[in-house]
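Number of protein chains: 2
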Amino acid sequence: MNLNTTSLEFLFHPRSVALAGVTVTNPEHWTRTFFESLVEFGCTPLYPVNPKGGEIDGYKIFLSLKDIPGNIDYVISTVPARVAPSLVQEGFEKGVKAIHFCTSGFAETGEEEGIRLEAELKEAGRRTGIRLIGPNCMGIYCPTARLSFQAAFPKESGPVSFISQSGGNATGLVSQAMLRGVRFSKVISYGNACDLNESDYLEYLTDEPETSIICLYVEGIRDGNRFSQALQRAAGKPEVLLIQGGVTEGGARATAGHTGSLAGSEATWDALCRQLGVIRVHSMDEMTDILVTLLFLRLEKGRRAGLIGFGGGASVLITDKFEKTGLKVPLLPQKLRDQIRAYTHIAGNILRNPIDYSQTVDDVAKLSTTASIVSQWDGIDFVVGFLTPERASPGTKRLLFNIIDGISQGSRAGSKPMGLVVEPSLRPEEASYIFPLIQRGVASGLPVYFSFDGVASAINTVLNYYENRRSRSET
Amino acid sequence: MNLNTTSLEFLFHPRSVALAGVTVTNPEHWTRTFFESLVEFGCTPLYPVNPKGGEIDGYKIFLSLKDIPGNIDYVISTVPARVAPSLVQEGFEKGVKAIHFCTSGFAETGEEEGIRLEAELKEAGRRTGIRLIGPNCMGIYCPTARLSFQAAFPKESGPVSFISQSGGNATGLVSQAMLRGVRFSKVISYGNACDLNESDYLEYLTDEPETSIICLYVEGIRDGNRFSQALQRAAGKPEVLLIQGGVTEGGARATAGHTGSLAGSEATWDALCRQLGVIRVHSMDEMTDILVTLLFLRLEKGRRAGLIGFGGGASVLITDKFEKTGLKVPLLPQKLRDQIRAYTHIAGNILRNPIDYSQTVDDVAKLSTTASIVSQWDGIDFVVGFLTPERASPGTKRLLFNIIDGISQGSRAGSKPMGLVVEPSLRPEEASYIFPLIQRGVASGLPVYFSFDGVASAINTVLNYYENRRSRSET
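Going down the list, the sequences are from chains L and Z. Going by the working numbering, the first residue of the first sequence is number 808, and it counts up by one from there. Going by the working numbering, the first residue of the second sequence is number 808, and it counts up by one from there.
Hints are not guaranteed to be accurate.
Okay, the calculated bits of chain L under chain Z, using three or more residues with CB under 8 Å as the criterion [unchecked claim]:
| id | stretch |
| --- | --- |
| 1 | 871–880 |
| 2 | 967–975 |
| 3 | 1053–1061 |
| 4 | 1115–1126 |
| 5 | 1130–1141 |
| 6 | 1190–1198 |
Here are the in silico distance ranges between beta carbons for each label pair [to be verified]:
| id | chain 1 | residue 1 | chain 2 | residue 2 | range |
| --- | --- | --- | --- | --- | --- |
| 7 | Z | A1250 | L | A958 | 30 to 38 Å |
| 8 | L | Y1150 | Z | G902 | 54 to 62 Å |
| 9 | L | R1205 | Z | A1220 | 49 to 57 Å |
| 10 | Z | K1108 | L | E1274 | 15 to 23 Å |
Heads up, simulated SDA-like pairs for lysine to any residue below, C-alpha to C-alpha not over 25 Å straight-line [unchecked claim]:
| id | chain 1 | residue 1 | chain 2 | residue 2 |
| --- | --- | --- | --- | --- |
| 11 | Z | K1204 | L | H836 |
| 12 | L | K1173 | Z | E919 |
| 13 | Z | K1131 | L | K1204 |
| 14 | Z | K1135 | L | D880 |
| 15 | L | K1173 | Z | T838 |
| 16 | Z | K859 | L | S1200 |
| 17 | Z | K1131 | L | R1148 |
| 18 | L | K1131 | Z | H1089 |
| 19 | L | K1131 | Z | G1133 |
| 20 | L | K1204 | Z | E919 |
| 21 | Z | K1135 | L | A1074 |
| 22 | Z | K962 | L | S1090 |
| 23 | L | K1204 | Z | I863 |
| 24 | Z | K1173 | L | E920 |
| 25 | Z | K867 | Z | E919 |
Worth flagging that the hints you see were computed from the coordinates, not collected in a lab. Think of the CB as a built atom: it goes at the ideal place given N, C-alpha and C, for glycine as much as any other residue.
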């Protein structure tokens, strides 16, 4: 099985979709998110199916697959586990090519009945030739195919694909990353992988021309050799980012209960990633930080940062964080310091790199000139701006958009890569003006980060990755 | 100098306060935050001073200190650096005991004039006997004394004090920590420390009965031996948390520009903290996480966690994070698993520890019973609940308060320490229902964290600290 993975293309271009097991009576049931998402994305033709019949939002509910008038390419199923195998048979009779089983209650339960049902499901797939996604997963998000499992996901496509054993982590990454300008080509939440597995998806996406970065969240590997080969073939063509879940004893217990898989050890994964040129990642937040760095910071080489922002204590802490992480914050030459000092008063500012412009915050023209001087200095390789808007005075708060524009326009003079750190707030009233600032940074094409740790660690990881890639290509 | 530090008590009980250099014409100027904060805190009598005269919000502006009718104990000054030394002389003539100079433009500029002015200021303090806070800092927040430099700080007092060389970091910690239930006795932003320095404040707070935790953000030490001795005497009486800023080459350059200090090396600080029993901290977020752990988690010993929350992928990642950090997530015994399984369906849940209750989220009674069973199990030492509210369905969102109550009430059965992780959101519309959830957790007396990294790292740090303290007290 799984030999013909290039044929996975058909998963991402179904001509018609049925939604088997859609909840008719309770519009708040979570299974309704599939229906709502597909409608929102304009997926058509779309056929909801439930033996109870009825209607949702003007859509007729078909009693079974065979009652549907046209052909069905793709079925999204939330039917109970016990009837899942018979749905495959029904799909076979209707000429269905693939079924995504969102349904859980299979081998991941560790219970006899679930294990038996998953074996039956797998056998039904093999017998009929219908390819199965899942069970126990959220399936496919592919904006060009108008497939989505969340109505709020972006409708535009982008260069990132994500293969995630967990549906929650798939939703989590897209939700986080979309706010920071990341768009996706194909996201596959694949769960228990009773038929199609991580290697199938990885092999397919390696050659998929719309994907230039593949993110992986994998809890367990069905065939270690095949997966290593797939990683090796993929790595560096698209960039590959890998989170391996369940690497600890307790974590492995969670993965066994989550998707019924067995995970490898921490050391195994570290060694494998280094060897293959895969970026190893440890949390969803880190994955997002690395994605925006790869996509929007456009680093080449060089670890020397120019830092421009607000707050003396903040300046010290971000600089310490950069240097502890292995980046450099070199001293601005006296000549450039004098140049800035000529029009900038010194009290309450720092003009050495880091630049703390706290006391000249209301003069955006000067800020922009200073950013321009710093960015044109050949002693640095990239610029990072940092803002703590929650602490700004009311007068400064009104200038925050201009400040972001001032730093980023000024920095453009040096044609250096530029990133921006904006400290978010928990408080709704603060979030209401900080979120638009983040959006402004994102709309300007900047990678936006939320913490000093996050920006320093992501830049360092990406630079290490590029260095590793260069040294591998030289040998 | 600085011999009589017990006398610092007078700083925190001024009978009258003058505000020298208050901005009269521009109500949005940042110096107005002092006036607004003191009025908001009911600081009285309060005398604004500016040679221009006039009135603000019904307060008469006095032309100079000597024009003020009564005695003045304490002056908060935002006058320009060049007139700072003469203000000390004026204060002397008026019988002032202490002056806080917010004003910057002194030695931290690295420029000749600033260095000269700071020397003059220091000499004026020495000559007159007036104790000086600063210059280049935000001064004192002490709710019982009705002193504050931010109007929005809490008016209730609490067990934490903070000695911070940086005003921004002082504001940052109070602002973050107040949302998580932390209240402060005394916060001192002390800047360039031309007179009173970190050791003076530390020595005073060590014996101050309202303070049981001292946080320190220090960029440079005036007298290393005295500071080590002060740390040694303090450590463990109150708990001491220390962030050392400027430990890298670039960071040291920033501290030189920020508060004109010289910092020690990373290794020096690590060794010193281990030896003295001080908790070394590396960011403001980490400091807040450790504070809520010390204050509200009430750990004793033992690294074994019971984890209860929502999301399979989240369960795997939090468990991995705990175990990688050095905590344990032991397997729930079969007997207890059977007990929970008897009333909990298995599909989509994990019942092994971690407990993923995703599919029974709408039955709060069951959730509470399960939390109660887990918390009473003698195989764990503490319980952590975790929620990703942004990803919840609309039906679940309405239940989130009940879910927090269910987990925390259930967990009370086992009398185990309990913490809660709530993933925040950037989006104002999400923050508007997530922030009240955080407040609910805080109001229930729970330590609330915002990331898996944050909770695991803080618990591990506090357990290491307790172990270190026990082993030190045994030898």
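Apply the coverage criterion to the stretch 871–880 of chain L and chain Z: a residue qualifies when its Cβ sits closer than 8 Å to a Cβ of the chain, and three qualifying residues are needed. violated (count 0)
How does the stretch 1190–1198 of chain L fare against chain Z when you require at least three residues with a CB closer than 8 Å, holds or violated? holds (count 3)
Does the alpha-carbon distance linking K1131/Z and K1204/L stay inside the 25 Å limit? Judged against 25 Å, a Cα distance of about 41 Å means the pair is violated.
Could one say that the CB atoms of R1205/L and A1220/Z fall in the range 49 to 57 Å? The hinted range 49 to 57 Å holds for R1205/L and A1220/Z, with Cβ atoms some 52 Å apart.
25 Å limit on alpha-carbon distance, applied to hinted pair K1173/Z and E920/L: 23 Å, holds
Need the status of pair K962/Z, S1090/L: alpha-carbon distance at most 25 Å? 38 Å, violated
K867/Z and E919/Z: Cα distance at most 25 Å? 37 Å, violated
Could you check the hint for me, namely that A1250/Z and A958/L are 30 to 38 Å apart, CB to CB? 33 Å, holds
Check whether the Cα positions of K859/Z and S1200/L lie no farther apart than 25 Å. 24 Å, holds
Hey, K1204/L versus I863/Z, does the alpha-carbon distance stay inside 25 Å? 23 Å, holds
Taking the CB of Y1150/L and the CB of G902/Z, does the distance hold inside 54 to 62 Å? 43 Å, violated
Checking C-beta pairs, does the stretch 1130–1141 of chain L have three or more residues closer than 8 Å to chain Z? holds (count 6)
The structure does not agree with the numbered hints 1, 8, 10, 13, 14, 17, 20, 22, 25 stated previously, though it agrees with the rest.
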